[in-house]
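A.B. asks: What follows is each chain in one-letter form.
Protein chains: 4
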Amino acid sequence: MKQNGIEIEDTFAEAFGIKIARVLITGVTKRWALVSATEATGFGTSVIACPCEAGIEKVVDGSQTPDGRPGVHIQLCTFGYKALEEQLLSRIGQCVLTAPTAAMFNGLPDAEKQFDTGFKLKFFADGYESETEIGGRKTYKIPMMEGDFIAEHSIGAVNGIAGGNFFILAENQMAALAAAESAVDVISLMDGTITPFPGGIVASGSKRGANKYKSMKATTNHRYAPSLKDKIPDTLIPKDVNAIYELVINGINEDVIKEAMKAGIEASVRVPGVKKITAGNYGGSLGKYRINLHDLF
Amino acid sequence: MKQNGIEIEDTFAEAFGIKIARVLITGVTKRWALVSATEATGFGTSVIACPCEAGIEKVVDGSQTPDGRPGVHIQLCTFGYKALEEQLLSRIGQCVLTAPTAAMFNGLPDAEKQFDTGFKLKFFADGYESETEIGGRKTYKIPMMEGDFIAEHSIGAVNGIAGGNFFILAENQMAALAAAESAVDVISLMDGTITPFPGGIVASGSKRGANKYKSMKATTNHRYAPSLKDKIPDTLIPKDVNAIYELVINGINEDVIKEAMKAGIEASVRVPGVKKITAGNYGGSLGKYRINLHDLF
Amino acid sequence: MKQNGIEIEDTFAEAFGIKIARVLITGVTKRWALVSATEATGFGTSVIACPCEAGIEKVVDGSQTPDGRPGVHIQLCTFGYKALEEQLLSRIGQCVLTAPTAAMFNGLPDAEKQFDTGFKLKFFADGYESETEIGGRKTYKIPMMEGDFIAEHSIGAVNGIAGGNFFILAENQMAALAAAESAVDVISLMDGTITPFPGGIVASGSKRGANKYKSMKATTNHRYAPSLKDKIPDTLIPKDVNAIYELVINGINEDVIKEAMKAGIEASVRVPGVKKITAGNYGGSLGKYRINLHDLF
Amino acid sequence: MKQNGIEIEDTFAEAFGIKIARVLITGVTKRWALVSATEATGFGTSVIACPCEAGIEKVVDGSQTPDGRPGVHIQLCTFGYKALEEQLLSRIGQCVLTAPTAAMFNGLPDAEKQFDTGFKLKFFADGYESETEIGGRKTYKIPMMEGDFIAEHSIGAVNGIAGGNFFILAENQMAALAAAESAVDVISLMDGTITPFPGGIVASGSKRGANKYKSMKATTNHRYAPSLKDKIPDTLIPKDVNAIYELVINGINEDVIKEAMKAGIEASVRVPGVKKITAGNYGGSLGKYRINLHDLF
Numbered sequence: 001m002k003q004n005g006i007e008i009e010d011t012f013a014e015a016f017g018i019k020i021a022r023v024l025i026t027g028v029t030k031r032w033a034l035v036s037a038t039e040a041t042g043f044g045t046s047v048i049a050c051p052c053e054a055g056i057e058k059v060v061d062g063s064q065t066p067d068g069r070p071g072v073h074i075q076l077c078t079f080g081y082k083a084l085e086e087q088l089l090s091r092i093g094q095c096v097l098t099a100p101t102a103a104m105f106n107g108l109p110d111a112e113k114q115f116d117t118g119f120k121l122k123f124f125a126d127g128y129e130s131e132t133e134i135g136g137r138k139t140y141k142i143p144m145m146e147g148d149f150i151a152e153h154s155i156g157a158v159n160g161i162a163g164g165n166f167f168i169l170a171e172n173q174m175a176a177l178a179a180a181e182s183a184v185d186v187i188s189l190m191d192g193t194i195t196p197f198p199g200g201i202v203a204s205g206s207k208r209g210a211n212k213y214k215s216m217k218a219t220t221n222h223r224y225a226p227s228l229k230d231k232i233p234d235t236l237i238p239k240d241v242n243a244i245y246e247l248v249i250n251g252i253n254e255d256v257i258k259e260a261m262k263a264g265i266e267a268s269v270r271v272p273g274v275k276k277i278t279a280g281n282y283g284g285s286l287g288k289y290r291i292n293l294h295d296l297f
Numbered sequence: 001m002k003q004n005g006i007e008i009e010d011t012f013a014e015a016f017g018i019k020i021a022r023v024l025i026t027g028v029t030k031r032w033a034l035v036s037a038t039e040a041t042g043f044g045t046s047v048i049a050c051p052c053e054a055g056i057e058k059v060v061d062g063s064q065t066p067d068g069r070p071g072v073h074i075q076l077c078t079f080g081y082k083a084l085e086e087q088l089l090s091r092i093g094q095c096v097l098t099a100p101t102a103a104m105f106n107g108l109p110d111a112e113k114q115f116d117t118g119f120k121l122k123f124f125a126d127g128y129e130s131e132t133e134i135g136g137r138k139t140y141k142i143p144m145m146e147g148d149f150i151a152e153h154s155i156g157a158v159n160g161i162a163g164g165n166f167f168i169l170a171e172n173q174m175a176a177l178a179a180a181e182s183a184v185d186v187i188s189l190m191d192g193t194i195t196p197f198p199g200g201i202v203a204s205g206s207k208r209g210a211n212k213y214k215s216m217k218a219t220t221n222h223r224y225a226p227s228l229k230d231k232i233p234d235t236l237i238p239k240d241v242n243a244i245y246e247l248v249i250n251g252i253n254e255d256v257i258k259e260a261m262k263a264g265i266e267a268s269v270r271v272p273g274v275k276k277i278t279a280g281n282y283g284g285s286l287g288k289y290r291i292n293l294h295d296l297f
Numbered sequence: 001m002k003q004n005g006i007e008i009e010d011t012f013a014e015a016f017g018i019k020i021a022r023v024l025i026t027g028v029t030k031r032w033a034l035v036s037a038t039e040a041t042g043f044g045t046s047v048i049a050c051p052c053e054a055g056i057e058k059v060v061d062g063s064q065t066p067d068g069r070p071g072v073h074i075q076l077c078t079f080g081y082k083a084l085e086e087q088l089l090s091r092i093g094q095c096v097l098t099a100p101t102a103a104m105f106n107g108l109p110d111a112e113k114q115f116d117t118g119f120k121l122k123f124f125a126d127g128y129e130s131e132t133e134i135g136g137r138k139t140y141k142i143p144m145m146e147g148d149f150i151a152e153h154s155i156g157a158v159n160g161i162a163g164g165n166f167f168i169l170a171e172n173q174m175a176a177l178a179a180a181e182s183a184v185d186v187i188s189l190m191d192g193t194i195t196p197f198p199g200g201i202v203a204s205g206s207k208r209g210a211n212k213y214k215s216m217k218a219t220t221n222h223r224y225a226p227s228l229k230d231k232i233p234d235t236l237i238p239k240d241v242n243a244i245y246e247l248v249i250n251g252i253n254e255d256v257i258k259e260a261m262k263a264g265i266e267a268s269v270r271v272p273g274v275k276k277i278t279a280g281n282y283g284g285s286l287g288k289y290r291i292n293l294h295d296l297f
Numbered sequence: 001m002k003q004n005g006i007e008i009e010d011t012f013a014e015a016f017g018i019k020i021a022r023v024l025i026t027g028v029t030k031r032w033a034l035v036s037a038t039e040a041t042g043f044g045t046s047v048i049a050c051p052c053e054a055g056i057e058k059v060v061d062g063s064q065t066p067d068g069r070p071g072v073h074i075q076l077c078t079f080g081y082k083a084l085e086e087q088l089l090s091r092i093g094q095c096v097l098t099a100p101t102a103a104m105f106n107g108l109p110d111a112e113k114q115f116d117t118g119f120k121l122k123f124f125a126d127g128y129e130s131e132t133e134i135g136g137r138k139t140y141k142i143p144m145m146e147g148d149f150i151a152e153h154s155i156g157a158v159n160g161i162a163g164g165n166f167f168i169l170a171e172n173q174m175a176a177l178a179a180a181e182s183a184v185d186v187i188s189l190m191d192g193t194i195t196p197f198p199g200g201i202v203a204s205g206s207k208r209g210a211n212k213y214k215s216m217k218a219t220t221n222h223r224y225a226p227s228l229k230d231k232i233p234d235t236l237i238p239k240d241v242n243a244i245y246e247l248v249i250n251g252i253n254e255d256v257i258k259e260a261m262k263a264g265i266e267a268s269v270r271v272p273g274v275k276k277i278t279a280g281n282y283g284g285s286l287g288k289y290r291i292n293l294h295d296l297f
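So the sequence lines, in the order shown, correspond to chains P, R, L and Z.
Counting along the first sequence from 1, when you hit position 95 you're at 95 in UniProt numbering, and nothing is skipped either side.
Counting along the second sequence from 1, when you hit position 54 you're at 54 in UniProt numbering, and nothing is skipped either side.
Counting along the third sequence from 1, when you hit position 264 you're at 264 in UniProt numbering, and nothing is skipped either side.
Counting along the fourth sequence from 1, when you hit position 154 you're at 154 in UniProt numbering, and nothing is skipped either side.
In short, the hints are calculated from the structure, not lab data.
Fair warning: this is a prediction, and the values are worked out from it, not measured in the lab.
Do not take every clue at face value.
The list cannot tell twin chains apart, which means a pair is met if one copy fits it or any two copies do.
[Claimed, not checked] Straight-line Cα separation of at most 25 Å, DSS-like style, residue types lysine-lysine; simulated pairs:
no. : residue 1 : residue 2
1   : Lys231    : Lys141
2   : Lys138    : Lys231
3   : Lys262    : Lys58
4   : Lys217    : Lys82
5   : Lys276    : Lys239
6   : Lys229    : Lys207
7   : Lys239    : Lys229
Build out the structure end to end from the sequences listed, making use of the hints.
C.D. replies: This is the structure:
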């Protein structure tokens with residue numbers, strides 16, 4: 001199968017279940033909402049060695065927020081609800097409560113699972129807190145040096161999916177990178193998904209385990225390493241390819257992951273120098289979700 | 001004392017010792033170096049509940065980097081060297097090695113204390129790594145999907161200082177915020193310091209411990225909370241002040257902290273609506289460094 | 001009338017007819033489309049002394065562009081079609097054709113009035129041009145150093161409206177500015193309108209003509225100048241107001257102007273320190289459109 | 001000659017004299033100074049059809065500005081002083097005076113040639129202006145809606161140079177573009193120069209006149225057009241090159257142009273996919289300055 005003349009390999013992305021909380025951060029302007037969201041989602045690329053996976057889902061205007069101010073949806077993702085609650089508390093307490101003009105609202109108010117993160121944050125007020133209602137939400141006012149911090153009582157979470165992905169194979173690194181950035185551009189406008197790696201892009205796609213250093217949980221996907229393609233017998237890199245970036249996509253359900261993969265691939269194949277699209281899987285051993293690239297189109 | 005007509009209170013900022021590692025991240029362009037640096041320093045505002053304090057120190061051009069590419073100095077700060085080594089390994093492994101076009105160099109090559117972070121990262125290469133020299137530095141090449149990741153063998157660290165600070169008291173929140181941003185603007189051009197909070201600014205300056213919720217390590221600095229000023233007897237807020245932001249500054253020695261505080265205050269007092277500058281201290285109980293505001297000028 | 005507790009004066013914005021062309025600029029990524037759009041709409045705040053009024057209307061994703069790449073709608077506005085054609089030719093020729101990865105499409109393909117700007121640009125190809133169809137549009141390929149520039153044959157234009165406006169009166173300059181920025185944030189997401197001044201905001205609202213320097217076409221709206229409020233008898237500034245910013249909005253019809261004014265005012269009144277909203281008019285002498293603020297809500 | 005393994009062609013850039021005015025725009029923060037500077041330098045790529053060539057030279061901190069606020073140096077360039085004075089008046093009057101928090105200072109106070117642009121702008125105050133001194137500069141206060149606009153009496157200008165340039169030839173468009181961006185990154189930190197094209201980069205390098213459409217002043221440099229390389233007999237494009245970007249550099253004297261060309265080339269040749277550097281000249285017929293690439297190193 002080809003899209004815009006570029007081969008889409010007949011393979012599947014292997015994804016797996018993860019717990020996802022969604023938080024809506026508002027600010028006096030879009031820029032200040034993004035400052036808080038960026039801090040709160042940093043050091044959050046992969047659960048391999050980050051405390052959680054995290055990213056900015058989408059910017060929304062005041063018509064879509066309880067306090068009428070511009071907002072940013074962020075997602076935090078961990079394997080279990082206990083770790084998720086800890087991350088919510090520490091990331092919101094340290095990166096949203098502390099951020100200029102930020103307020104915190106529930107990004108999944110209809111989810112069955114709810115954490116009382118706002119309730120716990122109010123203890124920072126040392127007895128000066130008060131309860132109030134904003135846009136129909138039960139919130140707390142926490143008096144601070146900048147003024148009152150507003151925190152909604154609960155933050156919702158769902159069983160989501162991590163590890164949706166595709167690989168962009170290109171003639172050289174800059175072509176692959178521009179294609180990856182154009183994919184992130186379009187995904188950043190879509191509902192329900194994040195691309196948790198730096199700038200939304202993975203430079204270092206990995207394989208599970210290791211051949212040589214057996215204690216490593218994950219090591220370089222050497223069969224897709226361009227500088228090894230002439231040195232190893234089992235390279236998977238076509239002759240005209242010299243760089244690869246991976247997009248990793250987490251989302252609140254399988255549909256949004258598929259939509260994001262489709263839109264991201266469609267954007268990528270329009271960038272000059274892109275040669276092929278494929279996806280990462282582990283023969284089905286890692287996750288229960290298999291998203292076939294050819295089924296997207 | 002007044003600066004630009006604004007009162008500088010006769011008090012001191014109380015700061016304390018911390019371990020600081022400095023990493024130089026380079027990228028194909030300044031923008032891509034910043035993408036990695038931003039991810040690597042996120043979730044890093046305060047050691048109260050973040051794994052470390054972290055921030056971007058300064059952007060440098062190719063004449064100041066071993067590989068001739070644009071670079072960004074970042075700092076990671078923890079109370080002990082063990083935690084610092086863990087943070088270096090996980091943050092660089094997850095946020096720099098994974099980031100498009102990023103390379104990692106030692107930001108303190110002359111420091112006595114050196115971690116072999118690059119040496120440890122090379123195991124990701126699963127045996128395909130090689131050693132090379134770039135700009136006189138001992139580095140490893142790690143073959144990955146984007147190409148080769150370059151990691152210098154060592155990352156240096158020093159005994160630095162955390163908690164340099166000053167408070168900006170203003171007529172209202174937006175005036176205080178613009179003043180704080182102008183302070184961050186100038187400090188971001190200076191050597192040796194970071195402002196680890198979101199956008200460089202603290203909205204929620206705290207006191208040690210609590211009066212009511214005794215289990216809390218830190219709670220709101222209620223005597224500086226504008227919404228309480230008419231409700232509590234011992235408020236410290238002048239009548240014409242309705243919002244306060246704090247700048248918190250970490251740095252590799254006392255001199256750079258002082259220079260940053262001076263430049264930040266000078267920038268702040270030029271913003272219309274600013275009424276007073278003061279600083280945070282705990283009566284000398286927290287830290288061994290006392291930086292008198294009046295001594296700065 | 002009040003909105004969010006802030007007085008909306010019972011007055012009207014006086015607007016007037018203008019010719020508006022809309023151009024869709026696409027790029028390999030959103031960022032590069034914006035680079036071209038920013039250059040093409042610069043030096044375009046007011047027809048008083050700029051060659052045209054110009055601004056960025058909205059960012060769109062690849063599903064809304066003929067070539068499937070990210071795009072930016074811009075508007076150029078002049079009093080007559082002759083000047084508009086000249087501006088299209090020079091601004092697109094100098095700021096879009098010259099910009100990395102940019103392509104030019106018709107932003108108003110259904111308008112009655114169409115300029116053959118793309119046809120004229122193709123002469124730059126010096127005989128090497130060719131015709132092609134992209135997304136159903138008749139376009140030209142112009143071979144250049146970066147590759148082929150794509151220009152659609154025609155650019156459409158309509159009778160639009162300029163000078164939609166409102167004033168944000170606030171306690172001080174930074175409060176007024178943050179409110180103005182929050183208004184620009186929301187308007188930048190809406191269809192059909194631009195805010196042509198720097199950052200979307202006017203610092204220097206004017207009156208027609210002059211009292212003293214009779215040769216001037218426009219001079220400071222001195223009755224709204226805060227530094228004169230205690231010096232002149234007929235100031236219009238309330239006692240608690242010390243700074244004012246104006247939003248000026250152009251758009252392709254009256255409805256989009258009204259929607260943008262409404263959303264912008266709703267955003268503004270949520271910013272702490274804002275005291276009053278009013279609008280600029282000249283007693284009805286300047287333009288034929290009167291947009292009553294109270295009718296918006 | 002090679003730099004970082006990339007061939008530097010033995011040729012010269014042909015540059016020519018131009019008049020350059022330098023303006024220092026300050027703002028309450030760096031961001032707001034840049035908003036004004038961006039508007040004031042837009043629609044300013046080439047004197048072929050823009051009213052002037054214009055660009056941002058450099059960001060400076062408060063220690064380098066008369067009012068102690070962050071600032072941005074911009075340059076405006078025209079062939080004659082009459083046109084330059086007109087551009088100063090209209091661009092500063094429409095894009096700096098109108099911009100939030102902006103002030104205007106002389107960027108070349110020691111130049112022999114001085115325009116009284118500030119003096120002329122003060123008529124906007126309609127008699128309410130006053131004279132004052134800021135940082136030793138003679139300035140006017142112009143009461144406006146945001147507060148007082150500060151304009152220095154004079155703006156200086158010099159005989160400068162336009163058209164310093166080099167070409168980046170690369171394997172594909174994205175490699176050429178990243179190299180061009182990395183060159184702009186480093187030049188944007190240097191004194192005395194601007195890169196006036198969109199994002200600092202020229203996609204459409206031209207030749208003088210035309211072969212076919214004789215009325216055109218400039219047409220595509222077809223011998224450097226990649227899509228023609230297999231169709232014309234006299235292409236100048238090497239076999240392995242498929243895209244080219246040009247950097248055009250204006251500056252206040254020949255030395256700063258040379259330094260910028262050198263630093264820009266050194267940055268470019270580090271980007272993977274770059275194949276060759278050359279420069280544009282017209283056999284010496286256009287300008288009196290010849291800058292040999294080999295002499296730079």
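A.B. asks: Taking the hints in turn, state whether each one holds.
C.D. replies: Each hint tested on the structure:
{"no.": "1", "hint": "Lys231 / Lys141", "verdict": "between (62 Å within a copy, 15 Å between copies)"}
{"no.": "2", "hint": "Lys138 / Lys231", "verdict": "between (61 Å within a copy, 24 Å between copies)"}
{"no.": "3", "hint": "Lys262 / Lys58", "verdict": "both (18 Å within a copy, 23 Å between copies)"}
{"no.": "4", "hint": "Lys217 / Lys82", "verdict": "both (23 Å within a copy, 22 Å between copies)"}
{"no.": "5", "hint": "Lys276 / Lys239", "verdict": "both (11 Å within a copy, 23 Å between copies)"}
{"no.": "6", "hint": "Lys229 / Lys207", "verdict": "within (16 Å within a copy, 42 Å between copies)"}
{"no.": "7", "hint": "Lys239 / Lys229", "verdict": "both (9 Å within a copy, 24 Å between copies)"}
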